[in-house]
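Kindly produce the complete structure, drawing on both the sequences and the hints.
2 protein chains.
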Amino acid sequence: MPSRDQVHYFGAGPAPLPTPVLEEASKVLLNYNDSGVGITEISHRSPDANAILAHTQSCLRKLLDIPESDGPDGYQIMFLQGGGSGEFSAVVYHMVSLWLARLTTRKQQGLDNEVQKMKLDYLVTGSWSLKASQEAARLVGSEHVNVVTDSRKHNDGKFGVIPSQDSWTPTNHADDVALTYYCDNETVDGVEFPSAPDGPNLVADMSSNFLSRPVDVRKHVAIFGGAQKNVGTTGITIAIVSNSILPPHAGMADSKLLRKLGLPVGPIVLDWPTIAKNNSLYNTLPIFDVWIAGQVMQRLLDQSPEDQSPRIATQAAESNKKADMLYSILDSSDVYSVVPDKSVRSRMNICLRIKGGDAEAEKAFLKGAESRGLLGLKGHRSVGGIRISNYNAVPVAAAEKLAQYLKDFAKEQEG
Amino acid sequence: MPSRDQVHYFGAGPAPLPTPVLEEASKVLLNYNDSGVGITEISHRSPDANAILAHTQSCLRKLLDIPESDGPDGYQIMFLQGGGSGEFSAVVYHMVSLWLARLTTRKQQGLDNEVQKMKLDYLVTGSWSLKASQEAARLVGSEHVNVVTDSRKHNDGKFGVIPSQDSWTPTNHADDVALTYYCDNETVDGVEFPSAPDGPNLVADMSSNFLSRPVDVRKHVAIFGGAQKNVGTTGITIAIVSNSILPPHAGMADSKLLRKLGLPVGPIVLDWPTIAKNNSLYNTLPIFDVWIAGQVMQRLLDQSPEDQSPRIATQAAESNKKADMLYSILDSSDVYSVVPDKSVRSRMNICLRIKGGDAEAEKAFLKGAESRGLLGLKGHRSVGGIRISNYNAVPVAAAEKLAQYLKDFAKEQEG
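Here the protein sequences line up with chains A and B, keeping their order. Taking full-length UniProt numbering, I'd label the letters of the first sequence as residues 1 to 415. Taking full-length UniProt numbering, I'd label the letters of the second sequence as residues 1 to 415.
Just so you know, not all the hints are guaranteed correct.
Given that identical chains are not distinguished, each listed pair holds provided it fits within a single copy or across any two copies.
[Said to hold, decoys possible] Derived BS3-like pairs (lysine-lysine); straight-line CA-CA distance at most 30 Å: (1) K256 with K107; (2) K158 with K277; (3) K153 with K355; (4) K367 with K27; (5) K378 with K367; (6) K117 with K219; (7) K260 with K117.
To be clear, the hints were calculated from the coordinates, so they are not data collected in a lab.
What follows is the structure, encoded as structure tokens:
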């Protein structure tokens, strides 16, 4: 029966949260802001709920240096439900509708033929971008999905690299491209983009490395992520969306025309223009989850210098330091082999094999880890092996304890 | 700065939760099941998470006497994200796909023409069923939406009645009907169906009266509800879906055919067959919210006799008693007028006006209530007035305190 401080949790998501945030959460569950009413009970339209929403948005703007919400250069910060997987669909519904609306400003006739040219460009660099591309194919038809690159074709059928850009096959004409999609950090495969790729209408899934490093927000039309890794709890998804792709700065196709052309119409709860217009309060928002995210973000702000831009740089330095320490131990012993290529190693999800994937050795590793209170280290069921998730709420001390175990285990195996 | 026991909250949703559940929740947030890891942090694929899911499903089956999950007569219990509004769309995507699959077993040719006949029958008896019907029209086109009844046409343009069935205009041929939709309890308008209506492929939104009375589950192909009223917290939506409309017992149309015929393809996270097949774990499920619902349900079971069927009857009796007490006071004074017709008064949301809607008097009522710690009594912003939400977690003592205030206020106004 371990207590919280006897255990270090390295699960891939849901991820650990800072203990002080959970301690405060356990109080507000019963009585929020001395109202006599708990935080899950208050109305999502109450002044308290609005203040929580505004606080979380404001923290995120500061952390990632997100342009303010007004004007065509601004960005909206939205909270939705349905997780990253929900946004796999939302981006398709939205960007296809936007693409069609733009098309109709150029052409009024022969839309049936013009629509054939529409392409959704996907960079498939791991399990999640693959899933996203499959969802796009389900929604619009595989003939509209252009796989710009598939890492597996360059790595013996497995993920683990990001092929060089000169091998990519993006759609020729930018006008045809409804979106260029990538997953910034692949949780299952331990692959992270060193920096954002190029492409028209760039959309990023940052579910598993959100708030772990500075982001070139302005390069993207949309960035989204489930909150349950670095940001907070399962239950909300954050979307940062450029005003340039939202009304009134951009037109959207009407649902009748979409249907007529065989294009999909999404559910209202995933409709970005509706969510933006209602400041995430189109329907009941899980305010508790928004509050948790706000508390986590406030801590990141508190630990970073006020004149630093972006404020997330402080956390980024800590994340890098923890990851570097762990990778350097893994590299120094033949017992361990890191799965992805050195050039694209994730700082968030460190995927490795022991003795080239020896089942007994990996089992022994997990058992030994557990006896030291080091939990959540099993690799994703689809790939096996070991995965160390190095999210923000993993303290340096926990990473150090794990580092020591990695050294001890290697010594034991070598000796 | 009131404490929790100095306040009685009558908000329409999110709704109050039993204090003992919140007290336990505040513990498990930090350490679940003596694992050293908090409940929002554990993996949704862990044995602990699976046990939580199974417990909540099992409680719900007992409470509502839901047929077991196996076989064509069984029902699945699913947890989704996106709230009731998300299910407005999910039911359309699903029932339209099902309708088309059934059509293709009868006809292979001229599907374009056959599809014109498809109808979605909606009973519009309040703000939420109206919204659901509008979402259906957005997704499939208004030409496919048949409003079987619109209460406003029978009540001077306002909701507040359920017209007698002989005035309804259901679609003639049952084969053409993709679904018959109703909202069992209209939160905004205070209207509740005395019993389930008739119609092919019956679907019910029970968001605001879930777990407040016995339900004829077998009469429905699907029942859904957001959890944040009687059941738990915002963040999960519960769907009870008949195996008869799910694979392998029912075929679904493929997305290509749907698109070709101008019918909508929904997002994977709202796809009932996918969610059912994965026992609600297709993507990360907010296990904390499922746990809360399970705790609330367990309390309902604990307070009801084991040989009673359905077990919810005990809570139903209490709900009725509280509602009867409040309505009888409202009926006994001219100061109050209950908004909906007596035949369809909701036991959950008691909507009233004071002095026929006198703004000053209603303001005074709310102010006086607040001074007694009676909160959350303001009517929905779209209709104004006063609304007493009498959900399960409103204790009899709170209802009695409110009853006393209703009497005192009336006396003061009359005198």
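* **Earlier hints that do not hold, by number** => none
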